[in-house]
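Given the structure of chain A, go ahead and fit chain B onto it with the hints provided.
Given next are the chains, with one letter for each unit.
Protein chains: 2
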Amino acid sequence: MSLLKIYQWKELSPKEQKICLARAKANPDTNIKQNVSDIIQAVQNQGDSAVLKLTAKFDKVKIPQLKYSPPEHLPPIDSQLIQSLQTAIQNISKFHSQQIPQPFQIETSPGIICHKKYQPLQRVGIYIPGGTAPLLSTLMMLAIPAKIANCPEIVMVTPPSPEGELNPVIQWLAKTLSINEIYLCGGAQAIAALAYGTESLQKVDKIFGPGNTYVTEAKIQVSLDPMGTAIDMPAGPSEVLIIADDTSRPDFVAADLLSQAEHDELSQVILVSPSSQLIHNVNQELQKQLTQLPRRDIATQALSSSRALLTEDISQALHISNLYAPEHLILAQKDAVKIVPQVIHAGSVFIGPWSSESLGDYASGPNHVLPTYGFARSHSGIGVESFMKSTTFQEVTPQGLLQIAQTVECLAEAEGLIAHARSVKLRREKLQGNL
Amino acid sequence: MSLLKIYQWKELSPKEQKICLARAKANPDTNIKQNVSDIIQAVQNQGDSAVLKLTAKFDKVKIPQLKYSPPEHLPPIDSQLIQSLQTAIQNISKFHSQQIPQPFQIETSPGIICHKKYQPLQRVGIYIPGGTAPLLSTLMMLAIPAKIANCPEIVMVTPPSPEGELNPVIQWLAKTLSINEIYLCGGAQAIAALAYGTESLQKVDKIFGPGNTYVTEAKIQVSLDPMGTAIDMPAGPSEVLIIADDTSRPDFVAADLLSQAEHDELSQVILVSPSSQLIHNVNQELQKQLTQLPRRDIATQALSSSRALLTEDISQALHISNLYAPEHLILAQKDAVKIVPQVIHAGSVFIGPWSSESLGDYASGPNHVLPTYGFARSHSGIGVESFMKSTTFQEVTPQGLLQIAQTVECLAEAEGLIAHARSVKLRREKLQGNL
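Protein sequences, first through last, are from chains A and B. Counting in the numbering used here, the first sequence tops out at residue 456, every number present. Counting in the numbering used here, the second sequence tops out at residue 456, every number present.
The following block holds chain A by itself, in its conformation from the complex:
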């Protein structure tokens, strides 16, 4: 049995090709939408007490307050883990420090001085999902660019553990990254609290971070409400597309496919190759490696809706990748670096046999919060600029006004906006009267 279903690309009709590259329907059902809307309303009406009640209900733990007070002494953490976190922080910081957008000033005409300036968002919220293992990497990938952007207020929310506590490694990371404002809540109620504020949690300007269907739906709902708050980007299940050929190592390819598949039953993995031998060998490797994984049930489920596409050559494989616009693209074929300029749509690209996607997920430097679901056609991954916004400024001298006045009056009149024209004419006549 082959785990990845194999399709020969050129044998497929255009419609079949489209289906082959389609993602699973992502829209939550009406029930979830209504539940989330009810939760948001409850938090808007009853604030902290609603969040605490919902925490008791969904996270099965009663805590006295949302705000987390860090203990005086951090619990002990494994020293190898601390060293690994420090290496990751260092590389992620190095890469993101390159990204700070620069202000500029230009005199577009004599006397018309225009500039653009970038400022940090003032108050941002970072959502870190709970569960058995905390997403240490996501906290780093969001808090580090927020710090580099110089956001003055960074708030973290995360569900409490069954004991009503905060995971010790998250505690260590929060302290190391100077995140001092932490609230123990999760789910749609946490998103509502960030978006509208409660007695103890002041509303933020933008919410970042991944979550389950409820969290994602809540982020969408609060971002649609002008009284709500902005969100980082639309999110779907994680995905990888791997291009490989006869020279690729089937064990490496299989391992990379599996690290995507173990994320979520909805994760999508696609192998594209002109070599049927490689596809065959990868399928065998998948069988072998799968048995060794604790999360093999999730991975098997994800693989069952994934596929291998047999192409005529590498160029067709790349064409398919650009059609699909994957979140992660691994170029595992020979001379991978040569086709990099032809990659048009992808979130992040891993070049050559040693660039395992896991390196980028954790510690090589680039951000791992990337556009899924084909959004790589139009969206960038998270960067420092995601935590900033720009404002333009213009300062016009009397000379500048006189020079441009009649241009603007003419254009405003052409649009039928006479008050616009008059606001300039008034100034022009004032200056001309003074000449």
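Hints are computed from structural coordinates only; laboratory data are not their basis. Incorrect hints may have been included.
No copy is singled out in the list; a pair is fine if it fits within one copy or between any two copies.
[Stated by the list, open to error] 25 Å max Cα-Cα, derived BS3-like pairs, lysine-lysine:
#1 K138 with K115
#2 K224 with K39
#3 K36 with K224
#4 K355 with K138
#5 K26 with K78
#6 K36 with K451
#7 K88 with K168
#8 K138 with K168
#9 K31 with K224
#10 K26 with K83
#11 K451 with K196
#12 K74 with K31
#13 K451 with K54
Computed from a predicted structure; not experimentally measured.
Below, chain B alone, put in the same frame as chain A:
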């Protein structure tokens, strides 16, 4: 009678202050949502024929096809208008050419080479509303940054005139800006066609441009559907906040307030000043100037829900402005340039008595598509980067892999993602076995 209702800021309770800075509810009613959803579905099912039918219904004109074929010879246009458009194009191009985001490359650790590259969106749609006077300025503000970003395919849609034609000035602008793909359709049906494609109009990656409630609602609906398309930004009615003092000219201030008010009955204008004399004089000027405006009914309606806020000093006025986060901020008080560094939340800022907002609306250089509705807290206005997206790349050498492998294995294990750890371990062991 004073046109702007006057409130003394310090006399207001916190709740009253909040109400004073609130925007009108923007959510469309359920009927509009349903109508828009029906239109989108019709276009998805019946393509061109649905769009043509809806054009006949809403724009009252029957046209044989959506695609517009430009005539061989352009109709004659007023030469002063052409000159004005050319000046505007020149200034807008100069300002936007400064904004192209730059790629970078960095070796975050020995053997781990990471880079980030910006690419133009491949196919963008620009919506230009119809009506009696065409929005020439909006076409320039969207097409120029798209051109500078180097987008290979720029599509314009705009409703046909009652004669089934394209406005001659828009024809001239489209030709001058090299926009060769034009479709005559408007409303929610045009947004649906751009988002999902029809027989004659191929789907785009992102939709830009302003519109009425139907257009805005359609943009929201298609952007929420992963099979739909991205949009520029959430949009509300246009707005200005003016800070002025005793030294400000009441006629200039009134003229600027009126040019905002004439846009739309929902436009919001706010005057903030420590001088009750200035507020009084502006109110008188408003009365006077209003009578001279063709769009005085719209402006009067807009002013009726607007207000003047009397503050204790300029510093409090600026505080109010940052709370409100206006789309346009005019600093009309003495030494305006000195308080610029304290402006935190605003879309675009106009400094000093000669920097009329109209200049920026048409021709000084910066973009006039700006965040409304308080979104200036978290969003930037349109720029070249709005027409681009970034991709990150990483290339890891065997040395790089060996150096970082154990860091990544440790972090992946801490997150319970064993397949992630194994994809790195496999490579490390392969290299170590070869050593």
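Check each numbered hint against the structure and report the violated ones by number, ascending. Those not satisfied are hints 5, 6, 10, 11, 12, 13.
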